[in-house]
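> Sequence:
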Amino acid sequence: MKFRCRMTEMLAIKKFYTVLNTISKMAKTCVFRLSQDRFFFIVQESSPSSPSIWVEMEQIRFFNEYNLEGVNDESPHIYIEIEPDQLTKALHPILKSTAFFSLKFKLTKKRDRPCLSLEIEDRLCVHDIPVNLIPRKHWQNYQEPYMPIHRIGIFLPPLKNLKHIVERYKNLGNHMILEVDTTGDNGKLKLKLESDSISLGTYFQDLEVPKICHTGATQPQQVAVNGTASVKIELRRFNLFLHSEQINPRKSSGCQKFKMKSMFRDEFVEKLKSEITLHDIDYLSFNYILDGCKSNKPIFLTDSNVFDIIRVSGMLQFISVYEQCKNYITENIKFSNALEIMTEMDAISEVNLHAMAKKFVLSNFVKCFSYALVFAQELNLDIVKSIINSNFLYVKREFDVFKVIVDWITFSNERSSHALELLLCIRISELREREIGHVARKVSQDPEIRSHRRLRDSSLFMFDPASKKLTPIATLNKVNDGTCEATGYKVLAHGHDVIISGGEFTIGRNKWNKMIWSYNTLTSKWNKLLRGYGKHRCVLDSVIVIDLETCDIKNLEPLPIPMYSPAICSFGENSIYIFKSEICVYDVNKKIAGLGNYQNVIKNSNAKKWNSAMHFPLRIGFT
Numbered sequence: 011m012k013f014r015c016r017m018t019e020m021l022a023i024k025k026f027y028t029v030l031n032t033i034s035k036m037a038k039t040c041v042f043r044l045s046q047d048r049f050f051f052i053v054q055e056s057s058p059s060s061p062s063i064w065v066e067m068e069q070i071r072f073f074n075e076y077n078l079e080g081v082n083d084e085s086p087h088i089y090i091e092i093e094p095d096q097l098t099k100a101l102h103p104i105l106k107s108t109a110f111f112s113l114k115f116k117l118t119k120k121r122d123r124p125c126l127s128l129e130i131e132d133r134l135c136v137h138d139i140p141v142n143l144i145p146r147k148h149w150q151n152y153q154e155p156y157m158p159i160h161r162i163g164i165f166l167p168p169l170k171n172l173k174h175i176v177e178r179y180k181n182l183g184n185h186m187i188l189e190v191d192t193t194g195d196n197g198k199l200k201l202k203l204e205s206d207s208i209s210l211g212t213y214f215q216d217l218e219v220p221k222i223c224h225t226g227a228t229q230p231q232q233v234a235v236n237g238t239a240s241v242k243i244e245l246r247r248f249n250l251f252l253h254s255e256q257i258n259p260r261k262s263s264g265c266q267k268f269k270m271k272s273m274f275r276d277e278f279v280e281k282l283k284s285e286i287t288l289h290d291i292d293y294l295s296f297n298y299i300l301d302g303c304k305s306n307k308p309i310f311l312t313d314s315n316v317f318d319i320i321r322v323s324g325m326l327q328f329i330s331v332y333e334q335c336k337n338y339i340t341e342n343i344k345f346s347n348a349l350e351i352m353t354e355m356d357a358i359s360e361v362n363l364h365a366m367a368k369k370f371v372l373s374n375f376v377k378c379f380s381y382a383l384v385f386a387q388e389l390n391l392d393i394v395k396s397i398i399n400s401n402f403l404y405v406k407r408e409f410d411v412f413k414v415i416v417d418w419i420t421f422s423n424e425r426s427s428h429a430l431e432l433l434l435c436i437r438i439s440e441l442r443e444r445e446i447g448h449v450a451r452k453v454s455q456d457p458e459i460r461s462h463r464r465l466r467d468s469s470l471f472m473f474d475p476a477s478k479k480l481t482p483i484a485t486l487n488k489v490n491d492g493t494c495e496a497t498g499y500k501v502l503a504h505g506h507d508v509i510i511s512g513g514e515f516t517i518g519r520n521k522w523n524k525m526i527w528s529y530n531t532l533t534s535k536w537n538k539l540l541r542g543y544g545k546h547r548c549v550l551d552s553v554i555v556i557d558l559e560t561c562d563i564k565n566l567e568p569l570p571i572p573m574y575s576p577a578i579c580s581f582g583e584n585s586i587y588i589f590k591s592e593i594c595v596y597d598v599n600k601k602i603a604g605l606g607n608y609q610n611v612i613k614n615s616n617a618k619k620w621n622s623a624m625h626f627p628l629r630i631g632f633t
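The opening position of the sequence shown corresponds to residue 11 in my numbering, with each subsequent residue numbered one higher.
Hints were generated in silico from the structure; no laboratory data involved. Values in this document were obtained by computation on a predicted structure and should not be read as measured data. Keep in mind that the hints are not guaranteed to be accurate.
[Claimed, not checked] Derived lysine to any residue pairs resembling SDA-like cross-links, with alpha carbons at most 25 angstroms apart:
no., residue 1, residue 2
1, Lys38, Asp392
2, Lys114, Asn151
3, Lys119, Asn181
4, Lys99, Leu182
5, Lys406, Asn423
6, Lys395, Ala429
[To be verified] The calculated label-pair distances, taken between Cβ atoms and stated as ranges, are:
no., residue 1, residue 2, range
7, Pro140, Pro103, 12 to 22 angstroms
8, Leu434, Glu79, 27 to 37 angstroms
9, Glu333, Ser373, 38 to 48 angstroms
10, Ser373, Ser534, 42 to 52 angstroms
11, Pro140, His185, 18 to 28 angstroms
12, Met11, Leu391, 46 to 56 angstroms
13, Ser205, Leu391, 32 to 42 angstroms
Just so you know, even glycine gets a beta-carbon here, dropped at the ideal spot from N, CA and C.
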């Protein structure tokens, strides 16, 4: 199978985009059927109240080049399943482009799966959209549908006006009655909403009545049938349909249709078959429904069969059975089946029951997940995340949310990749200190998770007076060789070099830094000068001077009193200042140590503990 086509006219691309945008607002996926002369977009969903869409377009009106090779000469077609939303996102930038040249579509294979590739030639941009090839045995499910016979029809008013009215009705109720009257010369349309507190009506008059033409009728063209008809419509779905309309048709018609009866009329393809196969219908549930219709008695519902019966009754439009199932589910919701009700009602688009079940789960979170543990572990990621990330979730302890996450992840090894995504839903501030420790031990050591628990490496910062910000210029990785950052090390500046000495890597285990390192800020390299002397947390009185050029070591006179980790800096060419409870000044040439008059410099210095000292012109700074 091969497919390649090319568009060069912006008007055709805009029309193609409009059709796709309309379909994307009503269905997540659709079938893209390709033939020699035409192409089709088909939506056929089995759930109740779901739309059925058939769009037929001539390829010559859209494509300048169109090359297609089907399965074989007998079946020159290609059926692929696409997501229209992805196509619209890829086409949207073209609509705003001023230098557009052409757009190409290709059926390709990328990473062992089929793709529909879009190539935009103005900027050499290619979009590869994954698609699913539909086997030939399923092609019969996507034939053109037959319109059921209708006896009353009317052209609708401008959909823009209808959209504004329905939008306001939607805020006042859930359902609306639409009445059509064609008894006069012109048609009339009435929108009516009634509730306990309000009754509203909107009238459209002088609407055109179309002539009715049925496939296979004895008279190819018939006059309109006079009469009235009414239908009850769910406002939310009708509003969604009106907002999805993007094509802006000149005329739109509405008609009264038969539902279950139309499946067995002679207008359908099944008219030539002696047996009709109902697809995706549970056999036992269908028998329950038929027996109930024959006996004219309510069906015996249980927790094990109600979901299958409501699905079948919704597909085949057994309204009374469908309502009976809804009432049963509403009256029998409990901890053990709330999660299942929530997922099943979401699958058949039963919004009210889904909302009711979700509220029940959010208010009884722990019990619902513990009573239905097996079912809870089989939930998909989106449902679990929508529950634990809800602001309306009620739990006595936030740690219970973590337990549910762990049970869900450990059920399958493939779910470990979602660990961080789910853990971000936990309110950490609501956890106790002991619970946080348990979370830290329990969580697998994923690199992304581990990085959140890790401290940054020690860095050398430079203060920029202009921006008044600290900027890291180097990482002091030589003081992070142990299980924690070293303590007690000294950092000194000498020209372009930064000197690091001393320090203890592991507190209380005597793992000392016995090296003196030099970091060159120009070359960004570390140099080991020599082995260090002394130990952190030891009170010493020795004074050692190291010549950084020759690496010679000189032992000076000891301090007047032993000191623990004093602050030291050089001042001038020959003086060394030592700050602690006493201030000592060394003259390197005289090699004489003496006590400074610290009372005149710093008052109450006995209460101070200085960690570092820095040399500035004409002054010394210390912290």
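> Decide, hint by hint, whether the structure agrees.
Here is what the structure says about each hint:
no., hint, in the structure
1, Lys38 x Asp392, "holds, 16 angstroms"
2, Lys114 x Asn151, "violated, 29 angstroms"
3, Lys119 x Asn181, "violated, 48 angstroms"
4, Lys99 x Leu182, "violated, 34 angstroms"
5, Lys406 x Asn423, "violated, 29 angstroms"
6, Lys395 x Ala429, "holds, 11 angstroms"
7, Pro140 x Pro103: 12 to 22 angstroms, "holds, 20 angstroms"
8, Leu434 x Glu79: 27 to 37 angstroms, "violated, 48 angstroms"
9, Glu333 x Ser373: 38 to 48 angstroms, "violated, 26 angstroms"
10, Ser373 x Ser534: 42 to 52 angstroms, "violated, 59 angstroms"
11, Pro140 x His185: 18 to 28 angstroms, "violated, 39 angstroms"
12, Met11 x Leu391: 46 to 56 angstroms, "violated, 34 angstroms"
13, Ser205 x Leu391: 32 to 42 angstroms, "holds, 39 angstroms"
Figure legend: structure checked against the earlier numbered hints; hints not met, in rising order: 2, 3, 4, 5, 8, 9, 10, 11, 12.
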